[in-house]
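Peer 1: Using the sequences provided together with the hints, build the complete structure.
The residues making up each chain are set out below.
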Amino acid sequence: MTEASMIGLLVATVSFGALLYLAALGELISEKAGVLNLGVEGMMAMGAVSAFMAAHQTGNPWIGLAVGVLAGALTGFLHGWFTVVLGAEQVVSGLSLTILGLGFAAYMGKNVVGRPPGGVLAPVDWGPLTDIPWAGPVLFGQAPFVYLAVLAGLATWFVLSRTRIGLALRAAGESAPTADAAGHSVVGLRLGAVVVGGGLAGASGAYLTLTLTPQWAEGITAGRGWIAVALVIFGAWRPGRAAVGALLFGGLLALKTRLQTFGVDFSPILLSMLPYVFTITVLIAISVRSRNRPSPAPAALGTTYRREER
Amino acid sequence: MTQTAAVELVDIWKRFPGVVANAGAHLRIDRGTVHAVLGENGAGKSTLMNVLSGVYRPDEGEVRLDGVLHRFHTPADALTAGIGMVHQEFRLVPSFTVAENVVLGAAERILRRQDVEARVDELARRFGLATEPDRPVWQLSMGERQRVEILKALWRDARILILDEPTAVLTPNEANELGGVLRHMADDGRSVIFISHKLHEVTGFCDVATVLRGGETVAASLPVAGTDAATLAGLMVGSTSLAGERPPARAPGEVRLAVSGLCALGDRGLPAVHDINLEVRSGEIVGIAGVAGNGQRELVQVLAGLRSATDGTVDLGGKDVTTDPPRRRFGSGLCYIPEDRLGVGLAPRLSVVENAVLRSYAQHRRGPFLLEASMTAHCQDLVDRFGVRTGPLGDPVAGLSGGNLQRLLVGRELGSGPGVVVAAQPTRGLDVQGVKAIQDLLVAERDTGTAVLLISEDLDELLTLSDRLLVMHQGRILAEFDPRNSERSIIGEAMAGHLPEEGAA
Amino acid sequence: MRRPVLVRRDRPVRGGQPLAFAVGLVVALLVGAVLLMAAGHEPMSVYQRMFEKSLGDSNAWSLTLNRAVPLGLAGLAVAVAGSMGLWNIGAEGQILAGAMGAAWVARIGGTWPGPMLLTGMLVGAIVGGALLALVPAVARARIGVNEIITTLMLNEIALRLLQWLIHGPWKDPASFNFPLTPMLPDQAHLPMLFGRAHYGVLIAGAVILVFGVAASRTAWGYELRIAGSSADTARYAGISLKRKILTVLLLSGGVAGLAGGVELSGTADRLTEGISNGFGYAGIIVAALALLRPSGVAVVALLFGAVQVGGQSIQIIGVPASVSTILQAFILFGAIGAGVFVRYSVRLIQMGVDASGEGEEAT
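Residue numbers (this note's numbering), protein chains in the order written: chain A, 1 to 310; chain B, 1001 to 1505; chain C, 2001 to 2363.
If you're looking for bench data, these hints aren't it; they were derived computationally from the structure.
Note that the coordinates shown come from a computational prediction; the quantities given were computed from them, not determined experimentally.
A virtual CB, placed ideally from N, CA and C, is assigned to each residue, including glycine.
A portion of the hints provided could be inaccurate.
[As the list claims (entries may be wrong)] Covered by chain C, according to a simulated footprint, are these stretches of chain A (three or more residues, beta-carbon under 8 Å): (1) 80-88; (2) 101-107; (3) 278-290.
Peer 2: Below you can see the structure in the form of structure tokens.
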């Protein structure tokens, strides 16, 4: 294993980790407010295709990013509208959103499959910082999305734990009647959280088509949305732990294509099972530990709130 | 009184489908007083308070604060106007800290944790409400949680505090402390509304009392100092007498239920029931008194087979059933009226018929199939015998009123001709008529020779119905009383954990 | 100022669900028409072709029925778990596991006579699906681990397992290193019923019927309803919740697994990654639209089968098959939207006032 290939692995780890982290943060925000959104895969696909098409049309990848975020947020809004406002079952609505998002994205993007991108969001040039051995390429040779993910993570942590709106949002996810009685709009908080969550999933999708594999193809999300859902649980609903998990899962994605070059005789397919295996293990561990204390999962996750119901 | 009232509710009407909850109710609260609002279940106390706290909008009538007319659209409006309500069911987030819960409704945009905790602590000290602001609420006792609720209202600088039956979850000691806190707040110039039907607390803590009956104000702002408890009681219940007729006692027969050395753990894995010994004989009602949360719930669950005993035995008609599952105990003649009607005793979304055969469906089957006709006939029989008022029997049981739900449940349990009845809070939340009907059923059941164990938080009910009365405290049976000649105050002491000198246990 | 508020009806509108379903269908067709027009297609002619190719003649019906088989079984699997308030969203993975189980039997029983091999494959499919549901079932029953996430994660695990088998141990040595499993033996195919319809239609119909009767007419089904309505009531009635959770989730997995086995032996030549084609996820929509009732599952599965078959048929005239995916999702969203009004009515309320339907202690 050469130093170059090792650095390559680390660069890819951070890069994939950021991809997963963006989507996972969105899901985390949504779940913290009490809304399980299993439509991450669909929102990512919508973000990916919209971002690509916008960049293709305008030639400006930043416009692509904005459009991708918007598309993800709009797709998320659909879930929020049906579950939070109309009280539909969150599991059913979320999965339908995945199906819808994947189908809609495929339909929208059918004319740009395989086309060249209108522009990519290439790695940021940090000047001399990039030349630092190891840390240079790994930390300072990344695309803007990586720094966006870090900022989003810090912002999420700060807002959730240090601000009034974060406190209210967590209350809506723990005990909606309590949040309501305290004068907060549960519908507004939850809807907002799902929309912001959708926007972050859209950003993650945009990362796919504007940087990682700068073109559009049906199925480009390849199940990354499910890993994002897993990450939220793996990270015990905390932005910090989810970041660690994102690097771990990102590392596994990065390793998958490099096993052979490293001369490791292990099936890359079996390797890609690991995030899900880890998540199930963590979930079981959480449940065992939560016997004598509250689970880290938001207590009202998955439930509908209506004030008139007693 | 020339001073403008802090709160004035004028001619409040509130109708719900089939019920007039408030029929021209009045309430006038002066600044700096602790004001009791008294009334039986269904008298309209909670509706009136919900009108005041913005949960309901009155059909007619005015809400005035300091003389100014207010129209509340949401609870948030009422909060802003300075009305804080402490509900019976706490509105707290268990995973949040005390401080987070307190500031939830009124926090600054950016929260500095230590600063917030220090300020919450300072507020708590000012009113004598000891708390630890950084502790998560799920670790707190009921009394501590109530303090957090009160702090929430004070944090928002509520001028008017409404406490809905605040002592139901407290020990007598904690209740007395609460009395002190309320006085503190009144002295601070705030108005406290204390909703209760416990007369001794009203006379102990409050300055003034308003009594509601049938949605109307029957006595407004009576000074408590010049009124005795009997007068208040008379106003609450109207013409019907408060102390029910004591049904004649009969000579008890053989031991039907025998519990010895019983121990069990609570939900959190901590010991909740310690070394309980008791016997219930054929033809007697044994009452268990105690403040909520002293192991009664767990004891009953162990008896019913819903919680396992860690030590000791339960004998049913001479047979050891300690490890038997609920269904086998039922087969051995134990019937159980759980305290949660919907959700434990009855499945809300299932039909009346499906609920009526919950215990006996195995008798209505041929092979793997259930016999629809036979189940319906059984249900119809119960409905007729126990006077349950229902719609179509195929409709969800959740559509029945509280009293009818309980008749169906009690009827189903008693209809099997049990040898032993364990009844947990069987009359809680029912209206006067419903209470009477259920109590009569239990007494009639005793008179046919059934052994009845009655667990209740209503001491009056226990004193009226029980042939023997046990008091539970912190998971133990502390004392036994003869309800015919025991003083309430001594029983109350025992409920607080103070052993009477010649108490037997 | 006034604002609309949803107020719960005393009882749902009679026949509301079929109505909501119809509304969903209309909404979906309208949205689809807009999309088709935006892409320059003539919606009516596209829809006409979809209808003809899915329900127009007996050959079309046979294709639709074949499609309805995995959808119906997956929907039933979700409905079985849903009847006691559990979400098995792992039907997709269980279908794959079922197909793997059946394929494994076909590998070892290549020389067996047809009936024996087919029986073995279907049993293998059921066992495969149930095995995949084992971890969620045990974890839920014994330590209360949320089955939604575990079953979801296992979908991805099952997919990777299948890919691994195809790329590795089960790769056909004669496939010139292409990731292809060997062809199934001839006698491993289900007999034909009519047209292209295979015996899986009868199997699925029978299984749905048996579960329908079991759910509504037997003591077992009654116990499930009790357990689904309230866990505490079930314990009170002496129904072992743990055993019910275990059996129901395993059964649910087994039914989904059966779908995989039927799909393999009915429509496929060999085991491939695409054997499920998203049936497991679509099955959740089917079950939701059917309100978790087996009879409803059969009807909705048939309709979704028609939409999918119709969707494939329009690819020839240049319309992407994703139109059918979009239609399916919009049928659900439309029906959810309409379904709200089956249970709630809209009332205009003076700004901000709580629309409580009932009071405290109301008798």
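Peer 1: Using C-beta distances, would you say chain C covers the segment 80-88 of chain A, given that this needs three or more residues below 8 Å?
Peer 2: Since three or more residues must qualify, the claim that chain C covers the segment 80-88 of chain A holds, with 4 doing so at under 8 Å.
Peer 1: Please count how many residues of the segment 278-290 of chain A have a CB within 8 Å of a CB from chain C and say whether that reaches 3.
Peer 2: holds (count 6)
Peer 1: Please verify the coverage claim for the segment 101-107 of chain A: does it have three or more residues whose C-beta sits within 8 Å of some C-beta in chain C?
Peer 2: With 5 residues in contact (Cβ-Cβ under 8 Å with chain C), the coverage given for the segment 101-107 of chain A holds.
Of the numbered hints given earlier, the model fails none.
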